[in-house]
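As you go down the protein sequences, you meet chains A and B in turn.
Mapping to our numbering: the first sequence position 468 is 468, numbers consecutive.
Mapping to our numbering: the second sequence position 443 is 443, numbers consecutive.
Worth flagging that the hints you see were computed from the coordinates, not collected in a lab.
None of these values were measured; they are calculated from a predicted model.
Incorrect hints may appear among the rest.
Looking from chain A toward chain B, a few residues come up when the C-beta cut is under 10 Å (computed) [stated by the list, open to error]: (1) Leu14; (2) Phe236; (3) Asp244; (4) Val286; (5) Pro335; (6) Pro382; (7) Pro399; (8) Ala423; (9) Trp476; (10) Val479.
Using N, Cα and C, we set each Cβ at its ideal position, and we do this for glycine too.
Each chain is listed here by its residues.
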Amino acid sequence: MANHILSVILFLPLAGAIVLLFLPRENKNAIRWVANMFALAGFIISLPLVPMFWAVKDQPGFKFVEGGANNWIPSIGAGYHIGIDGISFLLIMLTTLLGWIAVLCSWTAIQERVKEYYVWFLVLQAGMLGVFMALDFFLFYVFWEVMLVPMYLLIGIWGGPRKLYAAIKFFLYTLAGSVLMLLGILFLYFHHHGMTGEYTFDIQKIYQTSPSITGTAAVLLFFAFFIGFAIKVPMFPFHTWLPDAHVEAPTAGSVILAGVLLKMGTYGLIRFSIPLFPRVAMNPTVRGWMIGLSIVGIIYGALVSLMQKDMKKLVAYSSVSHLGFCTLGIFALNPLGLSGSVIQQINHGISTGALFLIVGILYERRHTREISEYGGISNVMPLYATITLIMFMSSLGLPLLNGFVGEFTILQGSYMENKYWAAWAVTGVILGAAYLLWLYQRVFFGNVTNPKNEHLHDLTPREVLTFAPLLIAAVWIGVYPKPFFEVLDQPVKAIVSTVRPDYPLNPPAPVKAQFAPAASGQAAAAGGSR
Amino acid sequence: MNLHLVAIPLLPLAGAAINGLLGKRFPRTLVATVALAFTAASFLWAVWAAIQFADGGAAGPYIEHFATWMQIGNFQAEYGFYLDHLSMVMMLIVTGVGFLIHVYSVGYMWEEGGFYRFFCYLNLFMFFMLTLVLASNYLQLFVGWEGVGLASYLLIGFFFWRDSAAAAGKKAFIVNRIGDFTFLIGLFLLIKHFGTLDFASVFSKIGVLPTGEATGLLTAIALMLLGGACGKSAQLPLYVWLPDAMEGPTPVSALIHAATMVTAGVYMIARSHAIFDRAPMALLVVAIIGCATALFAATIGLVQHDIKRVLAYSTVSQLGYMVLACGVAAYSAALFHLMTHAFFKALLFLGAGSVIHALGGEQDMRRMGGLRKKIPWTFWSMTFATLAIAGAPPFAGFFSKDEILWRAFSSAHGSWVFWLIGLITAGLTSFYMFRLWFLTFFGDFRGAQHEEPEASGRERHASDAASAAPPGHGAHGASAAGGHGHGHDGVHESPPIMLVPLVILAILSLVGGWVGIPAVLGGGNHFEKFLAPVFEAYATAGETAPASPAEPSGPSEMSLSLAATGAALVGFLLAWWMYHRRPELHVRARQRLGELYRVLDHKYWIDEIYGAVFVRPLIGLSRAVLWRGVDAGVIDGTVNGSATAARELSDSVRHMQSGNIRSYAGWVAAGAACVLVYMIWLGMR
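Work the whole structure out from these sequences, hints included.
What follows is the structure, encoded as structure tokens:
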């Protein structure tokens, strides 16, 4: 099994979906139990990956590789080729964890067409895992599209009142992006053939030939991929599908959408856009635009979030702001920025995933997400209020919780490149406190003024269970993020050395706390020369 | 020698965890025992560590590396603890005064709902504050810095069912975040140019720079750090959160918003003295901000009616003194005043709490008076504190304030202007403190009468809200903020558990200054000598240490000291004249002053100005322009109505079945194919 652990993780949800198909649709509880078992098993089965990956984290290249180039459909050069590095490893762990939590939190929320719901959910889970594992463009694209359809259905069938509008908007936006990406992939495919005479979709092979594309073609290709990913992230101004999709999606859909699906975009930028077109990524104009859009996203998302009357929409816009930090870190293109970005993606999955769960809990009890309907909830649901406050603090970047580690690293990385980037982005940190604490004040503080809120019951044990792993993860990353950064060290350095061969990746270790006049004098002189 | 300094912050954290997780089921005595035991243990450990450190006789700091927090590329952040004379003083103030306030709180909060919650937050605050003062690097300092902000947020909003309390907590957090903005930039500058945030490495790297080197960079760093200090230590222009923070329970005001947390900014500047010493421009800015804040806040304090608000503005003003001392590079004077201020201001707040407790939640001084006989212990301890803050010899505040005024005048970075403003502020301080003292304890009890109906409405909300039991906050017990059931049937003295801390602090307010009696008054100036190893380290060879200025040719230290005492005396006499001897005078004075009084009474309309200039435009921009305009109008407008898809999209988006998507996908694909052909053609060319 050890050799095929990735395949096991990847196909277990699909197996679960197939098992569910054979269950009678009337027996809702059996369906729920089986789906939860498979989701939990999907998480548990991914746990052995942690020590296994830890042992090999410093080896170069992809680990746990299965299959190979062109072994699936040799005639067109498509292969079942999967493998992971530190970046995809963390995202996979996040996916299996959030997948389980999302399935668990749907227990009472979904009452109609239960069977289809869980089937689609497990298919979605497999699709997401596949995206993070694929080392073949053909395979990647299949998974990319596979996960699009279940998400469309989750919103369109189990969503809120304007679900069709939201679902179609989501679908069209994402489809437009992925078609552009398909074009890019095909172009690379033919280009590879033109250079080597071999037709292949193998990503590692295409890595070798794609940098030779130059000029306008490279820029256009970069943007073909970029737009696909930017829509998914979503970067300003491609973000307007997100609030609609989130507002209409069921809670579990929102958790997965924010927690994992958005990371496909940032993952794509890191995995494809940058290593495939390193020179375009480093082009000052292109990079300036990327950074500019990220910063606009950070501030814009936060400001618009401030004004929302619907809790879920508020959290959705805050995602735009948080993901702006992630893309800022990516295009800082140094180890700090990139590792901070990946950590922040994980953090966003944890914190925002939890925020959507939090909104979902009130929604399930009151069937409204209007902020003005609430007030004084701390009085009736103290445990819920406490957990909410911790997750808010994690989201607004309080030290010793996860958000701070990511934000600080990203800001530091971007400061190393350009001080104005960081200075603008830090305003997002202020605004983050503003919109979250204002929301907290309006929902939780004060007296219970709405009689409908007087008898809300506090969290059930099942609900506490959905938060527990997220709380543990938030504290762990906040207090001791070192192992996470160690996992990211090798892939991040590999990317930076691809894009910036002259970047000093391994300078002498900084002078420790000892008083060493000679060494520190030298360093101080270097510092002072600026 | 291993002091295990990590235990000092972790002990209160353990207390917070126990009370936070289990306290709901504990009886109150157990909650109080846990909270006090862990705080006391932390204090004893701190004392033990201090003794060990002092016995070791080491000139340099004792540094304890605990673990690595982050390591990315060549950046490293540690969990580490750093003990030198400076952090020792802070550590002992925080744990010592903190413990006394914990004891007091047991009595004060006994009848409140959420007793365990209160002590959980209070212990959590101790954890973060000790993390802050014992940090061995700027990042860990920032952890404590933000953490005390969280604790402050929770405790200001402790009576969360009161809207004003909830709003004040939020305001405190956000205003502090604005200060953190520049603080973070300062940290990035340090990392970029020195490669580390470790105190010892940064300062030693700066220490070996030739004089005059990198002044621009160091000035920039110093100014950025100052921004953070302005937020945390409530200096202009970011002081606005502190007066509102008085919405919290009174022990919180004493511990967090007087004695410890708000001094973090002063501590941070003193800690970074190696940077500030080499940035004279930055020092000048520090001095100006401190000086302006001291005077500005004191003038507002003159006319406040709420007893806690007077003390709040007084705190802002006294913090201004400390910042001024930092600005003239007299860090040990700043620390000296920080320490004495911790004693007497904590005492003033606790005493005020005792008064409020005695009156069943009343905070308006216009409804006090004549309490001297009824609550004698409170009266006498308050008297000690008032004398101390007013600067009456030989109370603690006299020596520390004197030291600051002398340094402001004589230091190489000083000026007679700073001294004069400091002197005026000293007079104002004496006036508003004795005004408080006379209004509260002398004359006749005015509790029943409403002397000015038109003026009472605005500020009564706090106390009214405090004593009215809120409807329907079932989960947190029945008793409400300050609503001591027995409070209304007569004024009564507080229980011993509240009085003992008052008495201890009263003694400290008297003798606390004797450790720093200057040579000119026959003392040994021990405090300054004690801190000298910290502030003389990293000084450049060419510079004369500011701690020992050459004999100035102007007025002597003695004559300045007399002037300060004179100013305090004038303040006292004026207060006595206006509020005790001829009480009708202050009403006349108010009418005579007219517009000036209105300006002070409205606190210079600073909150209103900030609202009009920053908050409302930002909200308007977000709502009207960004959200309704850009998001819904431009972007969605473009998407929904763009080009060829416009008509069908706006129509079909509402009615479209999933079947139609395929045709859409088809169109998109067709368009894409055209682009593909073009691109292939480009590539093949």
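>> Under the constraints set out in the numbered hints, which ones does this structure not fulfil?
In response: 1, 4, 9
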